[in-house]
Amino acid sequence: MENLIALLIAAPLLGAAVLLCGGRRLDAVGHWIGTLLASLSFVFGAVLFFDLLGKDATDRTLTQHLFSWIPVEGFQADIAFRLDQLSMTFVLLITGVGSLIHLYSVGYMEHDERRRRFFGYLNLFLAAMLLLVLADNYLLLYVGWEGVGLASYLLIGFWQHKPSAATAAKKAFLVNRVGDMGLSIAIMIMFTTFGTFAFGPLLGSEETPGVAGDASEGTLTAIGLMLLLAACGKSAQVPLQSWLGDAMEGPTPVSALIHAATMVTAGVYLIVRSGAIFDAAPDAQLVVTIVGAVTLLFGAIVGCAKDDIKKALAGSTMSQIGYMILAAGLGPIGYAFAIMHLVTHGFFKAGLFLGAGSVMHGMNDEVDMRKYGGLRKYMPITFITFGLGYLAIIGFPGLSGFFSKDKIIEAAFAKGGTEGWILGGCALLGAAITAYYMTRVMLMTFFGEERWRNRETASPAEPNVEPAAEHQGEHAEPHPHESPSSMTIPMIVLAFGSVFAGALFSIGDRFVNWLEPITGFEHGHSPLSAAAVTSSTVAVMVIGVAVAYVQYGRRPVPAVAPRGSLLTRAARRDLLQDDFNHVVLVRGGEHLTRSLVYVDHTLVDGVVNGTAASVGGLSGRLRRLQNGYARSYAVSMFGGAALLVAATLLMRAV
Amino acid sequence: MNPVNYLYLAALLFTIGATGVLIRRNAIVVFMCIELMLNACNLSLVAFSRMHGNLDGQIIAFFTMVVAAAEVVVGLAIIVSLFRSRHSASVDDASLMKL
Amino acid sequence: MSFPLLTATAALPAIGAVATAAVPAARRTAAKWLALLFSLATLALAVVIMVRFDPDGDRYQLTESHAWISEFGVRYDLGVDGIGVALIALTAVLMPFVILAGWHDADPLETGSKRWRPTQGFFALILAVEAMVILSFEATDVFLFYIFFEAMLIPMYFLIGGFGDRAHEHGEEAASTQRSYAAVKFLLYNLAGGLIMLAAVIGLYVVAGNFSLPEIAEARANGSLDMATSTERWLFLGFFFAFAVKAPLWPLHTWLPNAMGEATAPVAVLITAVVDKVGTFAMLRFCLGLFPEASKWATPAILVLALISIIYGALLAVGQRDIKRLVAYASISHFGFIIMGIFAMTSQGQSGATLYMVNHGLSTAALMLVAGFLISRRGSRLIADYGGVQKVAPVLAGTFLIGGLATLSLPGLAPFVSEFLVLVGTYTRYPVVGIIATFGIVLAALYTLVLYQRTMTGPVKPEVSAMPDLRVRELAVVAPLVVLLIFLGVYPKPVTDIVNPAVEQTMSDVQKKDPQPEVEAAK
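Protein chains in written order, with the working numbering: chain A, 1 to 654; chain B, 1001 to 1099; chain C, 2001 to 2523.
In short, the hints are calculated from the structure, not lab data. Ideal placement from N, C-alpha and C gives every residue a C-beta, glycine not left out. Misleading hints may appear alongside valid ones.
Said to hold, decoys possible - Residues of chain A placed beyond 10 angstroms of chain C at every Cβ, according to the derived structure:
#1 Met-1
#2 Asp-112
#3 Thr-221
#4 Pro-332
#5 Gly-398
#6 Arg-453
#7 Glu-516
#8 Val-538
#9 Gln-551
#10 Arg-555
#11 Arg-621
#12 Val-654
Said to hold, decoys possible - Restricting the straight-line Cα-Cα distance to at most 20 angstroms, the calculated cross-link-like pairs of lysine to aspartate or glutamate (DMTMM-like) are:
#13 Lys-2512(C) with Glu-2218(C)
#14 Lys-2512(C) with Glu-73(A)
#15 Lys-2391(C) with Asp-112(A)
#16 Lys-2391(C) with Glu-110(A)
#17 Lys-2391(C) with Glu-2463(C)
#18 Lys-2493(C) with Asp-78(A)
#19 Lys-162(A) with Glu-2463(C)
#20 Lys-2296(C) with Asp-2514(C)
#21 Lys-2391(C) with Glu-113(A)
Take these sequences, add in the hints, and give me the full structure.
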């Protein structure tokens, strides 16, 4: 059974290789090859899942050792995989949602001439992501970690002819590289401290505890903070969050799969996986929770101000991952809930993004919500699935988001002390804002007047309007229509997940029991009773919805964004993060490199050239002595002879 | 025998010759000054020979004369051909061997 | 007496050089095929060396020894250790690609131009460089090494000065002036380094009485040859200076951007991927082997210089407007990593550094050769003259991206393995140096992706809209390199197996042990 693990990765990898090297011959069938191999991977995953279920709860770890990767004296890195409950959860999420999104893309990318390559990249992403969650040591995880970064780079920049897409892709890769630096430093510290970075000896298993806790707390805190830096990069957490909004330049299925459901949650995986390290480093854990709390508010505020439907959802993603990171920072009381929210979020956020893509598909790739409105009549399936996702994310009682988010808020209060109150308060506030901005998205898109009619009188064409609106004129009035079934089926499936997953996981604590052998679990002692937390969560949710309804449901939505308050304007600019980056990093960097180029040319090269020039000058002067006059040669001869005589006499005298 | 006076004379002749070589521009005069220096050396050689009572110095003096005669032949030939080509016997006009 | 395999491997390209040069002027194509044939035959012999080499055997294998100048104890001694085998293999692998990529680089210019371009000479010089590089990897006699170390400058000088890019924005005259400048600069820098080394070589002879590397190293190790501390340090500095010029290490690097910028792409590959490796190889073999104590004494200073090279080279690469100069500065950054790995004095660092030499050769070759194909199409080296190439020539853009990703050490490609080993090996002994060097990987991503973005993406510029995609000959150059990069990224074991024992030997030369982990992991 272990041998299936490698096949899990091999299937999409093969797909990527075939599709990218295959050439135009495969254009006609490429997308089906890609979808087939992704589904094959899902089937392998399902087989392994049922195999694990049949085993004893403590005996559910499978490992597969393929070969020795980097054998150097004292340094051992293997190509080896580990499948346990945690990675199994991810495998199912990745291959399941991944297969659905492959299917969706068949329809979504139908008119793109480079569709084969798109599927190649998607398969590459699946392979890298599976490698990330299945790796048995941190270095192999790092390969997957950068592999998904590469796939993300390729897919964000898929429409490379758009300079904005190419820039966004580069930005995503660079910001991620900063995070990757954290991961590589973390591995270096691990190797120096423990002599290994394999999960087995480091993190331990049921029977043998790992060595992770044996190091000094300072070392572990350093490792923890570096891992957190890595997680911040990949999961778009403050302060490395700036790339996610721009990443929406990629095709919508990419946003759904990579920048909502799977890749961006890799940071949560990393922290939960490294639980043994974080548990022994409380300071690092505290920083993790702070990062999570700050990001969940940051993303939510940004989400409130964006008029671009995908960017609003991106803000929301950032915020929801903030919840997961917060939970992961709480230690064993939060790990399982972080992963549970991750899975339910995978369902509803992927569903929301696919819904957004479906809306864009019907609206000539328009992304500005101010040019939507009243679409529920024209796109009933999209409306219903999107609506279910919406209810799930705001935590409507009974839907999946309700269960998972409620647990995280409860756990945050249970951290205890002032920290507990602050973190819990942030989480509650975040829930209110989530309800607000999601209601805003819902109302602006599907309700209200049909603002897309008579566009000519509205605003001039915006620069971010997708130029790929190839088959219709720029100003043609869109004809909203429902998407083809290859797109609606994945949306329906994900909507089912959004509705039922939470209940399925939570009733009887199934999910917690499933993960407990890996992540451990403690019941927190919350100063508030569970009922109090739940009712306040529902209450803030209702307040958020109500405020949004007053602002966007009762009054007509202006087709051109009003100027707005200072906070709104700042939030539209992603709370000025890019301005900061631009001034400090971009400008500063440009000045630095330009001055260094100058220094290299004048100073470093100048010193050498100067030496050469002075040697040349000296020899020039020496040359002038040879003036060609016999008498001056004679003088030097006589002078030399006189010197010799004088020297001889002097030596005699001494 | 005390050679001091001869040596003073030789030194005097040598100095006159050397000064002539350095300050005169006419090649013939420079040439004569070189001869003067050679003869100054001859004088001291002969004087030493007399002092030591052997013939070594005188033999060297003869050698010098022979070499000087040969040198005069070659040197004058050069000066004559130089004069033919440049219509001048000034040594400063013949500064062709510089860079 | 057994077959002199090492001599044969070096002699083959040398014979090839003579044979190629002797082809009549009209038979240009025949000369190219002949050169290619000889380089392939050399590759075959290099494979034989790899097979015959026993990693667990003696330190120097396949040895040959003949008296040469017996008055001074100079011998013709050849022998290879694992590091030498790896680098000979790299050289032999790259040469056919260099020749194939430069297929048209030395064709006569269009009618009307008076410049004479001896096609035969170009390929003969490349083979001559190959012969000398291989010999310097094989020589175990210090004087013999010195001769080839210097002699390879002559063909390189003519390759840089005589066969520049056809593409030049300021016309043929300016190109020729800049080419001569670059060639003379290359020659002067390396000659200066070489002369100082010559002084040190003579000094070594005075102290040790012979030139044999194994004998001197042995005598140093068992204490029978005592050197005064200051003598050892001066001799070390003499050797190191020459190698640092060749490697090149900051601040002795400024010849490299000129030389790589002006030379044709295949020659630029020859410079960084092959010739410069002699410098780093010699640091590992001669500096550490002959002067272990002085090496340890100089380590802090060298690490600082290597660190400056890493960051400085990367920052300058970001600021370049010329594609080839950008690759040159990127190489300076990478050489910083190699030197850092060598002088970190850990097994991981030195294995990583050796692996890095091989991988850097492959990755730079991939990137630079594709860049050369690109430049030959458009006739400009300036990044700003390109844009949107991806749309018109997707295969070219794709291979360019892979070359770039290899340069930024993407995991899964070969350079990652070596770069990580170097970083880990450095960190275990010098944590601060290791962490600062890690910033280099962010900068590497920056210059690579900026280059890719500006040239390949965005709207298609009118000048590039008719650009043809890679031709079969060009694909034959790039595809094997890409395959090698991926293969060695996933399965570097064949190389590490050869390299590891040699690195252990070097570690014992300098009498250093790896730092032990604080916490012993449960086995």
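Problem set entry | Index of numbered hints that the structure contradicts, given in increasing order | The structure breaks none of the hints.
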